[in-house]
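Undergrad: Residue numbers (the numbering used here), protein chains in the order written: chain G, 556 to 634; chain H, 382 to 614.
Everything labelled a hint here was simulated from the structure, so no lab data went into it. These numbers come from a predicted model, not from an experiment. A couple of the hints might just be wrong.
What the hints assert, rightly or not - In silico DSS-like pairs for lysine-lysine, Cα to Cα no more than 27 angstroms straight-line: (1) H:384 / H:493; (2) G:559 / G:586; (3) G:619 / H:406; (4) G:565 / H:384; (5) H:578 / H:386; (6) G:619 / G:557; (7) H:386 / H:406; (8) G:586 / G:565; (9) G:619 / H:419; (10) H:577 / H:386; (11) H:406 / H:384; (12) H:493 / G:595; (13) G:586 / H:578; (14) G:619 / H:577; (15) H:424 / G:565; (16) H:424 / H:386.
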Amino acid sequence: MKAKVFVNLKPSILDPQGNAVAEALNTLGYKAVQDVRQGKYFELDIEGETAEQVRITAVEVADKLLANPVIETYRVEVE
Amino acid sequence: MSKKKFAIVVFPGSNCDHDVYYAVKYVMGHDAHFVWHKDTSLKGSDAVVLPGGFSYGDYLRSGSIAKFSPIMRSVSEFASAGRPVIGVCNGFQILLEAGLLPGGMRRNQHLKFICEYVTVRVEATDTPFTCNANVGQTLRLPIAHGDGNYYADRETVDELEHNRQIIFRYTTSAGELNDAANVNGSTAAIAGICNKKRNVIGLMPHPERACEMVLGSEDGRIILDSVVTSLES
């Protein structure tokens, strides 16, 4: 089963990479783009009988490795 | 005055391990040996160094994978026993990821990899890494990093300040704090911190690259010599 993990910097944390992207978009003419936050996206193929089991594993993996809890938050989607 | 033994941990991708070896063995005249990250013994070592470099290619986040290496359990035990551990650059990142030091690292504020000499000011001298220095003393040390923007939340910074765990801050050559001197944007201009027990330090600048005047500065010796001094007492 596939689990998707979206990792983002916590909202209180400055994101210079996101800002660089936003500035580039503004330069391209997309003045309507006011803010960009850049995160990470992981697709995990996890063995499990139920979506709940897969979700539990994805959360564990996100806690342990995929996200750094000091500066990042994450959310998990299981299809 | 016996020779002290420095253990230098080598992860796949560490590249400053030989500079530490050279500084400790040939410049300072003490013993140094390499410890492969899969080994688990730090027996006979007086101090442990996690050197700079790009362990695991900085994949995912700098130091995020190195923290799971077998040697890290031994490093953690060594630290719990109150013995000196120094994380330089990537080593600092690994200590943060492993939870041996509080806080985290971000991409440098202006997104560029910065490779230049900076000035750091010594904020506390009651550590095995700064006991040979004076409070307020400035050190000229080289930095070379893309992810050295130290972050800690308000609560953690207050705690670090309260416990005097901030050991080095980026300053002007005159020892003053300002935005320009804080080249990577670190919270509170923090260049290095220690743990509560004051035996584990992490710093972004490279003391091992500033041990001989011919390289531009000898200020790094103050940090490494302090370790020897504290081991002797």
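Undergrad: A separate judgement is required for each hint: does it hold in the structure or not?
TA: For each hint, the structure was consulted:
Distance restraint check for residue 384 of chain H and residue 493 of chain H: the Cα-Cα separation of roughly 40 angstroms exceeds the 27 angstroms cut-off, and the hinted pair is therefore not satisfied. Note on residue 559 of chain G and residue 586 of chain G: the hinted pairing is violated, with a Cα-Cα distance of about 31 angstroms set against a maximum of 27 angstroms. Between residue 619 of chain G and residue 406 of chain H the CA atoms are separated by roughly 37 angstroms; this puts the pair beyond 27 angstroms, and the hint is violated. Simply put, residue 565 of chain G and residue 384 of chain H have alpha-carbon atoms about 47 angstroms apart, too far for the 27 angstroms limit, and the pair is violated.
In summary, the hint linking residue 578 of chain H to residue 386 of chain H is supported, as the alpha carbons are separated by about 22 angstroms, within the 27 angstroms threshold. Between the alpha carbons of residue 619 of chain G and residue 557 of chain G the distance comes to roughly 19 angstroms, so the proposed pair stays at or under 27 angstroms and holds. Between residue 386 of chain H and residue 406 of chain H the CA atoms are separated by roughly 9 angstroms; this keeps the pair inside 27 angstroms, and the hint holds. Among the hinted pairs, residue 586 of chain G with residue 565 of chain G is consistent with the structure: their alpha-carbon atoms are about 25 angstroms apart, no more than 27 angstroms.
A C-alpha spacing of about 20 angstroms is found between residue 619 of chain G and residue 419 of chain H, which places the hinted pair at or below 27 angstroms, so the restraint holds. With a C-alpha separation of about 24 angstroms, the suggested pair residue 577 of chain H and residue 386 of chain H falls inside the 27 angstroms cut-off, and the hint holds. Between residue 406 of chain H and residue 384 of chain H, the direct Cα distance comes to roughly 10 angstroms. Compliance with the 27 angstroms bound is thereby established for this hinted pair. For the hint pairing residue 493 of chain H with residue 595 of chain G, the CA-to-CA distance comes to about 20 angstroms; that is within 27 angstroms, so the pair holds.
Restraint check for residue 586 of chain G and residue 578 of chain H: not satisfied, since their Cα atoms lie roughly 51 angstroms apart, outside the 27 angstroms limit. For the hint pairing residue 619 of chain G with residue 577 of chain H, the CA-to-CA distance comes to about 24 angstroms; that is within 27 angstroms, so the pair holds. Under the criterion of a C-alpha separation no larger than 27 angstroms, the hint pairing residue 424 of chain H with residue 565 of chain G is inconsistent with the structure, at around 41 angstroms. A C-alpha spacing of about 10 angstroms is found between residue 424 of chain H and residue 386 of chain H, which places the hinted pair at or below 27 angstroms, so the restraint holds.
Checked against the numbered hints listed earlier, the structure breaks hints 1, 2, 3, 4, 13 and 15; every other hint is satisfied.
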